[in-house]
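S.K.: Protein chains in written order, with my numbering: chain G, 298 to 721; chain P, 677 to 740.
Quick caveat, the hints were computed from the structure, so don't treat them as lab data.
Keep in mind that a hint or two might mislead.
What the hints assert, rightly or not - Covered stretches of chain G (in silico footprint by chain P; criterion: 3 or more residues with CB under 8 Å from a CB of chain P, positions within the stretch not fixed): (1) 652-658; (2) 663-673.
What the hints assert, rightly or not - Restraint ranges, calculated between C-beta atoms of paired labels, are given here: (3) P:738 / G:535: 33 to 39 Å; (4) P:738 / G:578: 42 to 48 Å; (5) P:733 / G:592: 23 to 29 Å; (6) P:721 / G:544: 50 to 56 Å; (7) P:685 / G:533: 26 to 32 Å; (8) G:395 / P:685: 18 to 24 Å; (9) G:535 / P:701: 41 to 47 Å; (10) G:391 / P:733: 21 to 27 Å; (11) P:701 / G:362: 42 to 48 Å.
Since this is a predicted model, take the numbers as computed values, not measurements.
Quick reminder that beta carbons are idealized off the backbone N, C-alpha and C, glycines included.
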Amino acid sequence: MSTDDTGVSVGVSSALQTLDWFDPEFRERTEFDVYALARGLPPQRSERTGEWYFLGYEDCREAFQRADVLSNNWLLGPNPLGLSTVLPENSDGDEQREYRRLLDPLFGPKLMEDLEGDIRDYAAQLMRPIAAKSHCEFVAEFTMPFPTIIFCRLMGFPLEDHPQLMRWKDVYMNSMTPFIARQLGITDVDADGRPSMDAVRRLTEQSAKEIIAYLSEILEERRRRPVSDVISMLVAIRRPDGAPLSEDELIRICFNLFLGGLDTVTGLLSMIVKHFAAHPDDRAAFMALMDDPTRVGPAVEELVRFHSIVAIPRRATTDCVLRGAELREDDIIQVVTPAADRDDARFPGADHLDFERAPNPHLGFGLGLHRCLGIHLARRELRIGLQEIHRMMPRYSLDADDPPIVGSGGVRGLFTLPLRVGIG
Amino acid sequence: MRIRIDSELCTGHGLCYSVAKTLIDYDERGYGVVIQPEVDASTMDEARRAIMSCPEQAISIVDE
Numbered sequence: 298m299s300t301d302d303t304g305v306s307v308g309v310s311s312a313l314q315t316l317d318w319f320d321p322e323f324r325e326r327t328e329f330d331v332y333a334l335a336r337g338l339p340p341q342r343s344e345r346t347g348e349w350y351f352l353g354y355e356d357c358r359e360a361f362q363r364a365d366v367l368s369n370n371w372l373l374g375p376n377p378l379g380l381s382t383v384l385p386e387n388s389d390g391d392e393q394r395e396y397r398r399l400l401d402p403l404f405g406p407k408l409m410e411d412l413e414g415d416i417r418d419y420a421a422q423l424m425r426p427i428a429a430k431s432h433c434e435f436v437a438e439f440t441m442p443f444p445t446i447i448f449c450r451l452m453g454f455p456l457e458d459h460p461q462l463m464r465w466k467d468v469y470m471n472s473m474t475p476f477i478a479r480q481l482g483i484t485d486v487d488a489d490g491r492p493s494m495d496a497v498r499r500l501t502e503q504s505a506k507e508i509i510a511y512l513s514e515i516l517e518e519r520r521r522r523p524v525s526d527v528i529s530m531l532v533a534i535r536r537p538d539g540a541p542l543s544e545d546e547l548i549r550i551c552f553n554l555f556l557g558g559l560d561t562v563t564g565l566l567s568m569i570v571k572h573f574a575a576h577p578d579d580r581a582a583f584m585a586l587m588d589d590p591t592r593v594g595p596a597v598e599e600l601v602r603f604h605s606i607v608a609i610p611r612r613a614t615t616d617c618v619l620r621g622a623e624l625r626e627d628d629i630i631q632v633v634t635p636a637a638d639r640d641d642a643r644f645p646g647a648d649h650l651d652f653e654r655a656p657n658p659h660l661g662f663g664l665g666l667h668r669c670l671g672i673h674l675a676r677r678e679l680r681i682g683l684q685e686i687h688r689m690m691p692r693y694s695l696d697a698d699d700p701p702i703v704g705s706g707g708v709r710g711l712f713t714l715p716l717r718v719g720i721g
Numbered sequence: 677m678r679i680r681i682d683s684e685l686c687t688g689h690g691l692c693y694s695v696a697k698t699l700i701d702y703d704e705r706g707y708g709v710v711i712q713p714e715v716d717a718s719t720m721d722e723a724r725r726a727i728m729s730c731p732e733q734a735i736s737i738v739d740e
């Protein structure tokens, strides 16, 4: 199998001095090439932000399993946008366990199986016009709308609302980047097109009001007349004492689902297709097994490992030493799963795709109690999405005159993926 | 030989039941449930695959 294309190579020491995972400039400069920062490096502290970066597999694994000293409520730290906590992501301890007990069944394997047909239909509908053309922009035409339409279907939002949902999502996840700031029409920008913190904050606050109004309305509708969507199931939840979830809790939960399920799948699908565009041998290997139910699952897991997309924050609740890092109370740690999942010590030949890799204990969906709530949905979207993409568009390649634009927002991915269709 | 899932460690990744369908099923939360605890020669491969698959290392075979 072939290796991943490494992007801009950054000297490790210079990158570490200015390391700031959430700075779009860092991402644009490194193209998220954090693999250069892995290879068994111990926890590193950014001189610029004071944040810790856990990079090695065992370090990241440990961080995920140390809820006793690491809290998920990192918003008690620096919070320049004044973001509110979401649930269950920002909760800890018994409270978090209770939320997961109540919410896991809504996204469990049994219920997600019911979506199989719809997910396939949406994928095919999106691919039909693409397969008939000679060029496409695959992010705008497939990887962005695909999870968003499914999200609407699952939650019970009107499908035609999906462009508005994409816009709100971009405000939260990506509005600090010049590319998205331009799309959103932010005018308070510097010479490089970067929006001011003030402009981003104002837009975020405005969007929060709009989202809350939108959610409140549909929550009320489903209380009056429940159907079989997730919003109806959320308002039907009862705690052991018989109490429903509060309006505030329901809004925070919906925010979590909204932020968790869109750019993640978009980012993964974009990166996978970009890799397959440039590496037809890997694409052929995937296509050879994608209709075999015993082999496609492990292949999807390997693709998640290879393209792991998020750094997960934690906040130290006490002074402690963790894997050699001398943490102070309130220190923020970034658990960099894209680096951990390329750690050769855990994954021999980590820079190679091996669809038969076993064991494959990657951290792409996290580990421990906060393991990705949408894991069963995500796997299904990835499998079906990739099946339909390759069934309808088996041949494609990158466009040398129009290269992809690497995403520099909240999650690894691409802002654009121009493809030549039918060639390659 | 019996296969067991440590419920303190299981967080419902769901990889085990897709590789060991004879031995393990899932509950409504997606957590693994052992449906056939006895492991014999015909299911030893499945049991090994299940143990290997778990990122939380929650699965083991015990001599009983």
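S.K.: Against this structure, judge whether each hint is valid.
M.R.: Going down the list of hints, with the structure as the test:
1. 652-658: Result for this restraint: holds, n = 4.
2. 663-673: holds (count 6)
3. P:738 / G:535: 33 to 39 Å: About 38 Å separates the Cβ atoms of residue 738 (chain P) and residue 535 (chain G), which means 33 to 39 Å holds.
4. P:738 / G:578: 42 to 48 Å: Holds, at about 43 Å.
5. P:733 / G:592: 23 to 29 Å: Cβ of residue 733 (chain P) to Cβ of residue 592 (chain G): about 24 Å, so the range 23 to 29 Å holds.
6. P:721 / G:544: 50 to 56 Å: Cβ of residue 721 (chain P) to Cβ of residue 544 (chain G): about 51 Å, so the range 50 to 56 Å holds.
7. P:685 / G:533: 26 to 32 Å: Roughly 31 Å apart at Cβ, these two residues keep to the hinted range, so it holds.
8. G:395 / P:685: 18 to 24 Å: This hint holds: roughly 19 Å between Cβ atoms.
9. G:535 / P:701: 41 to 47 Å: violated (26 Å)
10. G:391 / P:733: 21 to 27 Å: Given about 24 Å between the Cβ atoms, the range holds.
11. P:701 / G:362: 42 to 48 Å: violated (26 Å)
In this structure, the earlier hints numbered 9, 11 are contradicted, and the remaining ones agree with it.
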